[in-house]
Amino acid sequence: MDMMSGLQVSFSALNAQRTRMNVVASNLANAQSTRTPEGGPYKRQEVIFAAQPQRSPFEALLNDRLRDGVNEVHVQDIVSDPNGVRLEYEPDHPDANAQGYVAYPNVNVMREMVDLISASRAYEANVTAINSAKDMALRALQIGRV
Amino acid sequence: MIRDCFSSTLDVLHKTLELRQQRHTVLASNIANAETPGFIAKDLRFEAALRAATTPPAPSPLWRTHPEHLPVVPQTTIRDVQGTLVATPSDDIGRDLNTVSIDREMAKLTTNTFHYNASAEILSRTLEQLKRTVSESGQ
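Quick note, the sequences are listed as chains A and B, same order. According to this note's numbering, the stretch in the first sequence is residues 1 to 146, in order. According to this note's numbering, the stretch in the second sequence is residues 1 to 139, in order.
In case anyone wonders, no lab produced these hints; they're calculated from the structure. Every clue listed holds true.
Here are some chain B residues pointing at chain A (derived, C-beta under 8 Å): (1) Q21; (2) S29; (3) L85.
Which chain B residues stay away from chain A? Per the calculated CB distances, all over 12 Å, these: (4) S8; (5) E47; (6) R51; (7) A53; (8) P61; (9) W63; (10) H66; (11) H69; (12) T76; (13) I78; (14) D92; (15) I93; (16) S137.
To spell it out: a stretch of chain A is covered by chain B in this simulated footprint if at least three of its residues, at any positions, have a beta carbon under 8 Å from a beta carbon of chain B; those stretches are: (17) 10-19; (18) 42-51; (19) 69-76; (20) 131-142.
All C-beta atoms in this analysis are idealised placements derived from N, C-alpha and C, irrespective of residue type, glycine included.
Chain A with its partners taken away, still in its complex shape (with noise of 0.2 Å):
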């Protein structure tokens, strides 16, 4: 347990964040999108974070005590959001189907913009906690300038 682990949990965080972010953007650009590879309307994509209990060898011998106590977290996947389309009706749009009607992705733009700010305020958290390491680790090396 040293200074590093701090900062690797911090850092997984970060990461996880980022892909999430990069997820919102995805969404958010793809909000108009009728068609996409699979066919049919760009479907809304979600994260799922999970935590994981540090795994380095060494350290998972001598340091079984706090295992349970540091948990860095990473995207264990990116689903499609099950939710159906939204239609709308646009009789002259090239994909509107028998009736006029055009199928849109389910994307919610205030609901992403909300997620966006939530990923972006989790992320300074974990910078902070990031600057904190190194501030102790700073103080550390400086005890012994006498």
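Please arrange chain B on chain A, whose structure you already have, making use of the hints.
Quick look at chain B alone, frame taken from chain A:
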């Protein structure tokens, strides 16, 4: 003799830095998992154990008749103090069963860093005192 004068202070400070660093890792893990479904916030408690190890034991009615006998009240030494991991779920549990309150964890993290820096500063000054004692006492 130097060990007698300074060792207990140095031991306590050394242990404090070690435990605060471990606590930082635990708190960082809480913050990292602030949005992980089902994650339970944890904390490392060690203050009581450290206090118990630093206060002299209460006088016991029993006496040892030989220095090699086992001590009457076994007391943990400062070096053996370990933190205990406790679950500290917050009251507002969301629908994803995550129990991390980000405000509370950030406050804890800041306080912990502050205490770490304070201990490091005291350790620096203690070493400075020690140096002064060794180098300037003869003048």
